[in-house]
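Undergrad: Work the whole structure out from these sequences, hints included.
Read top to bottom, the protein sequences are chains A and B. For the first sequence, the numbering used here gives the first residue as 8, with consecutive numbering after it. For the second sequence, the numbering used here gives the first residue as 565, with consecutive numbering after it.
Keep in mind that the hints were calculated from the coordinates and are not lab data. Some clues are possibly wrong.
[As the list claims (entries may be wrong)] Using C-beta positions, here's what the derived DEER-type ranges look like: (1) A:Ser-87 x B:Leu-677: 45 to 51 Å; (2) B:Gln-567 x A:Gly-60: 27 to 33 Å; (3) B:Gln-567 x A:Leu-58: 23 to 29 Å; (4) A:Glu-22 x B:Asp-623: 35 to 41 Å; (5) B:Arg-573 x A:Glu-73: 33 to 39 Å; (6) A:Lys-76 x B:Glu-617: 34 to 40 Å; (7) A:Arg-104 x B:Asn-637: 25 to 31 Å; (8) A:Ser-87 x B:Asp-620: 40 to 46 Å; (9) A:Glu-22 x B:Glu-643: 44 to 50 Å; (10) A:Ser-61 x B:Leu-575: 40 to 46 Å; (11) A:Gln-78 x B:Pro-670: 33 to 39 Å.
[Claimed, not checked] A few chain B positions that, by computed beta-carbon distances, are all more than 10 Å from chain A: (12) Leu-575; (13) Gly-580; (14) Val-616; (15) Ser-631; (16) Arg-632; (17) Gln-666.
[Said to hold, decoys possible] Every beta carbon over 10 Å from chain A, so not counted as near; a handful from chain B, in silico: (18) Val-568; (19) Asn-571; (20) Thr-586; (21) Gly-606; (22) Glu-617; (23) Arg-636; (24) Leu-675.
All residues carry an ideal CB built from backbone N, CA and C; glycine is no exception.
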Amino acid sequence: AQSVTQLDSQVPVFEEAPVELRCNYSSSVSVYLFWYVQYPNQGLQLLLKYLSGSTLVKGINGFEAEFNKSQTSFHLRKPSVHISDTAEYFCAVSASRGGSQGNLIFGKGTKLSVKP
Amino acid sequence: EAQVTQNPRYLITVTGKKLTVTCSQNMNHEYMSWYRQDPGLGLRQIYYSMNVEVTDKGDVPEGYKVSRKEKRNFPLILESPSPNQTSLYFCASSYLGMTETQYFGPGTRLLVL
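TA: This is the structure we're talking about:
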């Protein structure tokens with residue numbers, strides 16, 4: 008079984024500052040990793056995903072994440088945030104093979120609050 | 565427009581009164597899934613379906629039923645709702661395979677009194 012831990016429930020940051028949202032996962036098999044964003048009163052939207060290959064993954068809206076297998080982490084970063092990045096961010100994991108492939112496990116979310 | 569639709573968007577009901585939340589997608593996706601979102605708990609998967617007539621339990625299936633008789637529809641059924649099922653529910657769909665991007669519906673906010 009897989010699990011996901013998002014280390015910060017809330018991250019306040021000033022506009023144009025860099026931000027890192029932390030995510031650690033646990034799994035006995037190879038995994039796919041995802042970051043989703045949820046803007047207020049909306050559904051979730053995929054930011055980026057790691058499937059294989061390069062450990063640095065670039066997504067939409069200037070976000071990127073780095074897969075670190077030895078530390079079982081998949082932290083999300085943005086060098087300069089905007090007010091419009093205020094949202095809740097979810098890290099998610101699924102098994103890349105095996106019977107639980109359809110099971111997507113989400114972390115509890117990190118609320119990013121960007122202040123002017 | 566490619567989309568996942570859910571109905572109703574808001575629902576207030578009473579304990580024990582059967583209800584169905586519908587989910588429909590127009591992208592010919594094989595995979596569909598239901599999640600519930602609760603404050604501090606994130607999203608938890610209730611059921612998922614890999615194709616017509618193929619469904620499987622997620623992490624929190626108790627108290628819920630699903631069916632997948634058509635590719636585009638994946639209704640969530642609460643046979644006897646209880647207050648602990650008060651939550652925000654999301655339906656999602658994708659092409660088959662967890663490498664594919666899941667597209668989420670707008671959510672259904674359910675209050676069980």
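Undergrad: Confirm or reject each hint.
TA: Hints, verified against the model:
1. Separation of Ser-87 (chain A) from Leu-677 (chain B) is about 46 Å and conforms to the stated range, judged on CB atoms against 45 to 51 Å.
2. About 31 Å separates the C-beta atoms of Gln-567 (chain B) and Gly-60 (chain A), a value consistent with the hinted range of 27 to 33 Å.
3. At about 25 Å, the beta-carbon gap between Gln-567 (chain B) and Leu-58 (chain A) stays in the expected band of 23 to 29 Å.
4. Separated by about 37 Å at the C-beta atoms, Glu-22 (chain A) and Asp-623 (chain B) satisfy the suggested range of 35 to 41 Å.
5. Between Arg-573 (chain B) and Glu-73 (chain A) the CB atoms are about 37 Å apart, so this pair conforms to the stated range of 33 to 39 Å.
6. Between Lys-76 (chain A) and Glu-617 (chain B) the beta carbons are some 37 Å apart, a value that agrees with the proposed interval 34 to 40 Å.
7. Look at Arg-104 (chain A) against Asn-637 (chain B): about 29 Å separates their beta carbons, and that is inside 25 to 31 Å.
8. A hinted range of 40 to 46 Å for the beta carbons of Ser-87 (chain A) and Asp-620 (chain B) is consistent with their spacing of about 42 Å.
9. In this structure the hint that Glu-22 (chain A) and Glu-643 (chain B) lie 44 to 50 Å apart at CB holds, the actual value being about 49 Å.
10. A hinted range of 40 to 46 Å holds for the C-beta pair Ser-61 (chain A) and Leu-575 (chain B), which are about 44 Å apart.
11. Against the hinted window of 33 to 39 Å, the Cβ-Cβ separation of Gln-78 (chain A) and Pro-670 (chain B) comes to about 36 Å, which satisfies the hint.
12. Every CB of chain A is more than 10 Å from the CB of Leu-575 (chain B) (nearest about 16 Å), matching its label as outside the interface.
13. Residue placement check: Gly-580 (chain B) keeps its beta carbon more than 10 Å from all beta carbons of chain A (closest about 29 Å).
14. The beta carbon of Val-616 (chain B) sits about 14 Å from the closest Cβ of chain A, which is more than 10 Å, so the claim that it is off the interface holds.
15. No beta-carbon of chain A comes within 10 Å of the beta-carbon of Ser-631 (chain B); the shortest separation is about 16 Å.
16. Listed as a non-interface residue, Arg-632 (chain B) keeps its Cβ farther than 10 Å from every Cβ of chain A; the least gap is roughly 12 Å.
17. A cut-off of 10 Å between C-beta atoms contradicts the statement that Gln-666 (chain B) is not in contact with chain A; the least separation is 7 Å.
18. Chain A draws Val-568 (chain B) into its interface by the beta-carbon criterion, the shortest separation being 8 Å against a cut-off of 10 Å.
19. Even its closest Cβ contact with chain A, about 14 Å, leaves Asn-571 (chain B) beyond 10 Å, as expected for a residue assigned away from the interface.
20. Residue placement check: Thr-586 (chain B) keeps its beta carbon more than 10 Å from all beta carbons of chain A (closest about 15 Å).
21. The claim that Gly-606 (chain B) lies off the interface is violated: its Cβ sits roughly 4 Å from the closest Cβ of chain A, which falls inside the 10 Å cut-off.
22. Every Cβ of chain A is farther than 10 Å from the Cβ of Glu-617 (chain B); the closest lies at roughly 15 Å, confirming the non-interface assignment.
23. Against the 10 Å criterion, Arg-636 (chain B) stays outside the reach of chain A, whose nearest CB is about 18 Å from its own CB.
24. Residue placement check: Leu-675 (chain B) keeps its beta carbon more than 10 Å from all beta carbons of chain A (closest about 16 Å).
Of the numbered hints listed earlier, those contradicted by the structure are 17, 18, 21.
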